[in-house]
Structures are given as C-alpha cells and as structure tokens.
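Heads up: the protein sequence lines correspond to chains A and B, in order. Going by UniProt numbering, 64 is the number at position 64 of the first sequence; the sequence numbering is gapless. Going by UniProt numbering, 122 is the number at position 122 of the second sequence; the sequence numbering is gapless.
Hints were generated in silico from the structure; no laboratory data involved. Since the model is a prediction, treat every value here as computed from it, not as a measurement. Beta carbons: idealized from backbone N, C-alpha and C, even for Gly. It is possible that some hints are incorrect.
Claimed, not checked - From the structure, some residues in chain B lie toward chain A, with a derived Cβ separation under 10 Å: (1) A6; (2) Q21; (3) L28; (4) T32; (5) K36; (6) F43; (7) G92; (8) Q96; (9) K99; (10) M100; (11) P203; (12) L206; (13) D221; (14) C222; (15) V223.
As the list claims (entries may be wrong) - Straight-line distance between alpha carbons at most 25 Å, and here's what the computed SDA-like set of lysine to any residue pairs gives: (16) B/K185 - B/L118; (17) B/K99 - A/K26; (18) B/K87 - B/Q9; (19) B/K83 - B/Q21; (20) B/K99 - A/V152; (21) A/K26 - B/E2; (22) B/K71 - A/K26; (23) B/K36 - B/M100; (24) B/K166 - B/K16; (25) B/K16 - A/C24; (26) A/K137 - A/F124; (27) B/K83 - B/G57; (28) B/K71 - A/Q135; (29) B/K98 - A/P30; (30) B/K166 - B/P218; (31) B/K36 - A/D14; (32) B/K16 - A/P15; (33) A/K26 - B/P204; (34) B/K99 - A/F138; (35) B/K98 - A/P143; (36) B/K16 - A/P30; (37) B/K87 - A/A56; (38) A/K137 - B/M72; (39) B/K98 - B/K166; (40) A/K26 - B/A216.
Single-letter residue listing:
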Amino acid sequence: DYEPTIFYPKRSPDPLYRDFTTQCEKMDIPFLSYLPTEVQLINDAYNAVVDAVLGAEAEVAEGTEPCAAILATLKHIRIPIVSLDVPSGWDAEAGGSGGISPDVLVSLAAPKECARRFLGRQHFVAGRFLPYDVQRKFELNPPEYPGTECVVAL
Amino acid sequence: QEEAQAIDQELFTEYKFSVDQLMELAGLSCATAIAKAYPPSSFTTSQPAVLVVCGPGNNGGDGLVCARHLKMFGYQPTVYYPKRPSKPLFEGLTTQCKKMDIPFLPEFPAEAAFIDELYGLVVDAIFGFSFKGAVREPFGSILSTLERVTVPIASIDIPSGWDVEKGKADGLQPDMLISLTAPKKAAMHFTGRYHFLGGRFVPPALQEKYALNLPAYPSTDCVLQLT
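Chain A with its partners taken away, still in its complex shape (with noise of 0.2 Å):
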C-alpha cells in the first residue's frame, strides 16, 4: 500500500541487479531522473526516505559524486530516514559523526559495528535467515524472532 519513488542515479550493469529495477518498473514504481537540492522539496513529497545508498563495503565512495550531493540533501530534511545496513556515509566500524542521522537502522544479517554510535529510534535486525552454525561460528548470539517474523527490534 505504500507509494515507493526510487532514486538510483548508478546503475549496476549486474544482471541480478537489471533484473530488480525491471521488476520495479513493470511495477509502476517511478524512478526520479534527479534528486531534488532543495529540502523542502522532498519534506514536501515524501514522508520517509529510505537510505540504500551505501553499505558496509563502501570506502570509497563516499567522498565522489554523486553520493556526497546527495548525503548533503539527506543530512537536512525533516521527514525520517530508516538506514540499510549502515547509515550510508558512515564508517562501517566508527560511525559517523556529522553524517546523516538515520530514525530507524535495519541492521541486515547481524548489527554491524557502527551501530553502537546510532542514536535513532528503532534499530531491527534482519537476519534469520542465518544458518545456525554460521549464527555460532561468529559468535553472532541474535535475540528470538517472535513468531514467523522476518525482523525484530533491539
């Protein structure tokens, strides 16, 4: 029910990756040809954005176009942010200070370091689909999941 628009300004030419955004069109899912530098714009549009721009992997990145235009919008608007992962811009084990400032961290298999300096609202993990022995082998120790539930809160 909810009215999804995407931004996604690179475009992996990985099929798997093709194949999703496929998906997504044949969906009628809009894909925004630019982001919005105006604030407002977005506070206006939406009422949550969800912050897929970097992952764990990212070193790089960061610093080069056109992820730090955009991390410099998200840093200013009011509407909520819930963060994938790792708030895009963050170090992946420091945090990040004067970085975005995400409500709501879904932490994917298990919390990542960084998640200790997140200050949001709601932190959930998403990760039962970890084998047992894996959840052993890195000492990942995750709470119970209620139910049939795919997330739970920390």
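Knowing the structure of chain A, use the given hints to seat chain B on it.
Relative to the frame of chain A, chain B by itself:
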C-alpha cells in the same frame, strides 16, 4: 492450468523475476501458513516433527525452501527427496537444508503407521500445477501410503495426484492446502480444514490482466487464510 502457466511465464519473461526469488517467497509462505495452522505447541509428538516429501520438480523445490524455514520457526523437519534434478537451483536448496542439519531419509517409511508415530504433520510437496498424466514410481507408492496416514497433511499448491482442475475424489485428502499466487480450479474440491493463499508477489497489473480477484493480504503478512 494453462492460465497458471501463463502467469508464471509472464513473471519470468516480462517481469524478469528469477525462479530463486519466487521459489523462496513461495516456500516461505508455506512455512508461515503451517506455523499459523499447526503451531509447534500443538504437536502431540515430543518434538514438532514434520515430514516433507519433495517431488521431482518445482513443487519439490518449494518443499525444500519450506523445510528450511520450518527449521527456523522451531520445527524439526525431515525431508524425503527421491528424485533430485541435477540443476544448480535444486542442488543449492538441498545443500542449504543439509547445512541446517535437516536429515534426508534414505528410504520412505514403509507403512503409514510409522509416519503417524514419528511425525505430527506431513508436507506434500510432490506435484504442483504443471502435473499431467500418470503418476510415476516411486510416487505412486508414496501417495498410496500417504492416503492412509492419519496425521494432517499440508499440500503445496495442488494435492499431489489430483487432476489440476478436477481434483480426485479417491485421492489424497489433505487437511491443509496452500494455494500459491491464486487458487487453482482443483481447490474447489478441497475439503480440508485450512486453505491459505501464499506467494504474495503477483504485481497488481498482472492480477488485473488475469482477473484474479484476490482478497487483500493483511498488512505485511505473506499469507492469507481463506478458510
């Protein structure tokens, strides 16, 4: 049956879904529906033991995914998978089950009574909506045994052995049916206690094109209880 096959084709060729994506969502819906109808606490066996019987095609693949999620949900699944296609998709799913310590039986329990003793539920993932014609061994004997089992049977998409449109009055009578994407004609002949809809991935445009008239799924649930 043709419509179901046409929808599938469109999902793969027009929408570019991969078989892995849809099979994972289908198997997850089956496990979720089972968890709602037969929670682990409802089992009379000492552990919530489930026997998952997987056939030679995609229905079997759905069963393998379902078994893995049942394990995550706290059940003790055991798989019987006599005819395994040598395709990476199925080999991958089998490995994932084995690495989660899900046992694979070397042979099918000889008698219905053994199944009733050891397991509280059987998942029928033998044949799906593409099934046509005669049942080949070993599935003929397996189905005969399953017809005599007294513990509940949950069938994925189509009760195995049934004609996909007309059903089979003297065939398997499962307690639960999980229809994937949309109920098939055979579902009209279903007389069990629980009918769930799963496979919450059909885009609205496709639902309209085929006039599926699916009821709304509750919030973010991947299953909907129809009866």
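For each hint, the structure was consulted:
Using the Cβ-Cβ criterion of 10 Å, the hint placing B/A6 at the interface with chain A is not satisfied: the shortest such distance is roughly 16 Å. With 10 Å as the threshold, the beta carbon of B/Q21 comes within range of chain A, its nearest partner Cβ sitting at about 9 Å, so the hint holds. The beta carbon of B/L28 comes within 8 Å of a beta carbon in chain A, closer than 10 Å, and the hint placing it at the interface holds. Satisfaction of the interface hint for B/T32 is found here, the shortest Cβ-Cβ separation to chain A being roughly 5 Å, below the 10 Å cut-off.
A cut of 10 Å between beta carbons decides the hint on B/K36: the least distance to chain A is about 7 Å, and the hint holds. Against a cut-off of 10 Å between C-beta atoms, the interface hint on B/F43 is violated, since the closest Cβ of chain A lies about 16 Å away. With its C-beta approaching chain A no nearer than about 13 Å, B/G92 sits outside the 10 Å limit, and its interface hint is violated. Because the beta carbon of B/Q96 sits about 8 Å from the nearest beta carbon in chain A, less than 10 Å, this interface hint is met.
For B/K99, the interface hint holds, the least distance from its beta-carbon to any beta-carbon of chain A being 6 Å, beneath 10 Å. This hint holds: B/M100 has a C-beta 5 Å from the nearest C-beta of chain A, less than the 10 Å allowed. The criterion of a C-beta within 10 Å of any C-beta in chain A is met by B/P203, whose closest approach is roughly 5 Å, and the hint holds. Interface hint status for B/L206: upheld, as the beta-carbon distance to the closest one in chain A is roughly 9 Å, under 10 Å.
Given the 10 Å rule on beta carbons, the hint for B/D221 holds: about 9 Å separates it from the nearest Cβ of chain A. Because the closest C-beta pair between B/C222 and chain A is about 9 Å apart, less than 10 Å, the hint holds. The beta carbon of B/V223 comes within 9 Å of a beta carbon in chain A, closer than 10 Å, and the hint placing it at the interface holds. Among the hinted pairs, B/K185 with B/L118 is inconsistent with the structure: their alpha-carbon atoms are about 33 Å apart, more than 25 Å.
Proximity of B/K99 to A/K26 is assessed by CA-CA distance (about 36 Å); at most 25 Å being required, the pair is judged violated. Straight-line distance between C-alpha atoms of B/K87 and B/Q9 comes to about 19 Å, which keeps the hinted pair within the 25 Å bound. The straight-line distance between the Cα atoms of B/K83 and B/Q21 is roughly 23 Å, inside the 25 Å bound, and the hint therefore holds. Note on B/K99 and A/V152: the hinted pairing holds, with a Cα-Cα distance of about 24 Å set against a maximum of 25 Å.
This hinted pair checks out: A/K26 and B/E2 have alpha carbons roughly 23 Å apart, not beyond 25 Å. Distance check on the hinted pair: B/K71 and A/K26 sit about 34 Å apart at the alpha-carbon level, beyond 25 Å; violated. A C-alpha spacing of about 22 Å is found between B/K36 and B/M100, which places the hinted pair at or below 25 Å, so the restraint holds. Taking the CA atoms of B/K166 and B/K16, the gap is about 31 Å. The hint is violated against a cut of 25 Å.
For the suggested pair B/K16 and A/C24, the alpha carbons sit about 10 Å apart, so the restraint of at most 25 Å is met. Proposed proximity of A/K137 and A/F124 is supported: the alpha carbons are some 22 Å apart, at most 25 Å. A distance of roughly 9 Å separates the Cα atoms of B/K83 and B/G57; the hinted pair therefore holds under the 25 Å criterion. Note on B/K71 and A/Q135: the hinted pairing holds, with a Cα-Cα distance of about 14 Å set against a maximum of 25 Å.
Restraint check for B/K98 and A/P30: the C-alpha separation of about 41 Å exceeds 25 Å, so the hint is violated. Annotation: proposed proximity of B/K166 to B/P218 is violated, straight-line Cα distance about 30 Å (limit 25 Å). With a CA separation close to 38 Å, the supplied pair B/K36 and A/D14 exceeds the 25 Å bound. The hinted pair formed by B/K16 and A/P15 meets the criterion: a straight-line CA distance of about 10 Å does not exceed 25 Å.
Note on A/K26 and B/P204: the hinted pairing holds, with a Cα-Cα distance of about 10 Å set against a maximum of 25 Å. Between the alpha carbons of B/K99 and A/F138 the distance comes to roughly 16 Å, so the proposed pair stays at or under 25 Å and holds. Between B/K98 and A/P143 the alpha-carbon distance is near 24 Å, which keeps this suggested pair within the 25 Å criterion. In summary, the hint linking B/K16 to A/P30 is supported, as the alpha carbons are separated by about 17 Å, within the 25 Å threshold.
For the suggested pair B/K87 and A/A56, the alpha carbons sit about 33 Å apart, so the restraint of at most 25 Å is broken. A distance of roughly 17 Å separates the Cα atoms of A/K137 and B/M72; the hinted pair therefore holds under the 25 Å criterion. Only pairs whose Cα atoms come within 25 Å are accepted, and B/K98 paired with B/K166 is rejected, the gap being roughly 37 Å. A hinted pair counts as satisfied when its Cα atoms are at most 25 Å apart, and A/K26 with B/A216 qualifies at roughly 20 Å.
Hint compliance for this structure: hints 1, 6, 7, 16, 17, 22, 24, 29, 30, 31, 37, 39 are not met, and every other hint is.
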